[in-house]
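Chemist: Next come the chains, spelled out residue by residue.
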Amino acid sequence: EDQVTQSPEALRLQEGESSSLNCSYTVSGLRGLFWYRQDPGKGPEFLFTLYSAGEEKEKERLKATLTKKESFLHITAPKPEDSATYLCAVRPAGANNLFFGTGTRLTVIP
Amino acid sequence: DVKVTQSSRYLVKRTGEKVFLECVQDMDHENMFWYRQDPGLGLRLIYFSYDVKMKEKGDIPEGYSVSREKKERFSLILESASTNQTSMYLCASSLGTWETQYFGPGTRLLVL
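If you read the sequences in order, they're chains B and C. Counted the way this note's numbering counts, the first sequence spans residues 1 to 110. Counted the way this note's numbering counts, the second sequence spans residues 111 to 222.
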């Protein structure tokens with residue numbers, strides 16, 4: 001069964017304190033892993049797509065990496081405006097839709 | 111930039127009412143999706159459409175139907191709203207089957 005697990009559920013960081021969020025997955029053939037950011041009461045905002053193990057993508061203070069079993073979202077020197085819920089989703093082979101994890105709620109304290 | 115809009119941000123309906131949620135995208139995307147999002151359960155796919163007048167069931171289609179008469183517009187219909195359909199409803203679109211999905215702002219529906 002296709003499954004996506006994100007950890008931790010919640011993370012509190014001091015401003016400038018770097019950390020990583022984890023997304024582990026079990027799918028029958030990965031055809032893309034997606035990271036989204038979601039602010040309270042809003043729709044998810046696309047961040048990254050990763051397709052193969054070893055791939056990395058960066059945007060400002062965020063870097064996403066992918067292995068055969070998991071993906072990490074590294075946050076370097078976070079700021080309070082990085083506070084949000086970060087969602088991970090996978091597309092299994094042969095599927096049109098995405099399977100989402102339940103997210104990591106990040107709070108960055110000034 | 112991709113723009114996905116949803117007809118309402120907040121809705122309050124009574125049990126048994128017929129509810130229409132509308133979604134419009136302006137990027138000529140082929141695929142459109144309806145999800146619901148509940149605390150602790152994440153996003154779950156209700157229905158999706160890969161072409162005009164075409165639709166496929168997602169993981170939780172019971173109690174819902176959809177309509178896609180025009181490429182840019184995808185409607186979600188709750189035939190007879192129930193309290194367990196209180197949720198955040200999110201619409202998304204993608205250019206092709208394997209492409210990134212872009213989401214609208216969401217509609218928070220409360221069924222009393």
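Among the hints, a few may not be true.
Calculated pairs, DSSO-like style, for lysine-lysine (alpha carbon to alpha carbon, straight line, at most 27 Å) [as the list claims (entries may be wrong)]:
id : chain 1 : residue 1 : chain 2 : residue 2
1  : C       : Lys163    : C       : Lys180
2  : B       : Lys59     : B       : Lys42
3  : C       : Lys181    : B       : Lys68
4  : B       : Lys42     : B       : Lys79
5  : C       : Lys167    : C       : Lys181
6  : B       : Lys63     : C       : Lys165
7  : B       : Lys42     : C       : Lys123
8  : B       : Lys42     : B       : Lys63
9  : C       : Lys181    : B       : Lys79
10 : C       : Lys180    : B       : Lys69
11 : B       : Lys63     : C       : Lys180
12 : C       : Lys113    : B       : Lys57
13 : B       : Lys79     : B       : Lys68
14 : B       : Lys42     : C       : Lys128
15 : B       : Lys68     : C       : Lys113
16 : C       : Lys165    : B       : Lys59
Source of the hints: derived by calculation from the structure; they are not laboratory data.
Chemist: State for each hint whether it applies.
Modeler: Tested hints:
Proposed proximity of C:Lys163 and C:Lys180 is supported: the alpha carbons are some 8 Å apart, at most 27 Å. At roughly 21 Å between alpha-carbon atoms, B:Lys59 and B:Lys42 fall within 27 Å of each other, so this suggested pair holds. For the hint pairing C:Lys181 with B:Lys68, the CA-to-CA distance comes to about 36 Å; that exceeds 27 Å, so the pair is violated. For the given pair, B:Lys42 sits about 20 Å from B:Lys79 by alpha-carbon distance, which is consistent with the 27 Å threshold.
Proposed proximity of C:Lys167 and C:Lys181 is supported: the alpha carbons are some 18 Å apart, at most 27 Å. Of the pairs offered as hints, the one joining B:Lys63 and C:Lys165 is violated, with about 36 Å between alpha carbons and a cut-off of 27 Å exceeded. Of the pairs offered as hints, the one joining B:Lys42 and C:Lys123 holds, with about 21 Å between alpha carbons and a cut-off of 27 Å not exceeded. As the CA atoms of B:Lys42 and B:Lys63 are separated by approximately 23 Å, the hinted pair is consistent with the 27 Å bound.
Simply put, C:Lys181 and B:Lys79 have alpha-carbon atoms about 40 Å apart, too far for the 27 Å limit, and the pair is violated. A distance of roughly 40 Å separates the Cα atoms of C:Lys180 and B:Lys69; the hinted pair therefore is violated under the 27 Å criterion. Under the criterion of a C-alpha separation no larger than 27 Å, the hint pairing B:Lys63 with C:Lys180 is inconsistent with the structure, at around 38 Å. Of the supplied pair hints, the one linking C:Lys113 and B:Lys57 holds, its CA atoms being roughly 23 Å apart against a limit of 27 Å.
Of the pairs offered as hints, the one joining B:Lys79 and B:Lys68 is violated, with about 30 Å between alpha carbons and a cut-off of 27 Å exceeded. With a C-alpha separation of about 24 Å, the suggested pairing of B:Lys42 with C:Lys128 holds against the 27 Å cut-off. About 33 Å separates the Cα atoms of B:Lys68 and C:Lys113, which puts this hinted pair outside 27 Å; it is violated. For the suggested pair C:Lys165 and B:Lys59, the alpha carbons sit about 35 Å apart, so the restraint of at most 27 Å is broken.
Taken one by one, the earlier hints fail for this structure at numbers 3, 6, 9, 10, 11, 13, 15 and 16, listed in ascending order.
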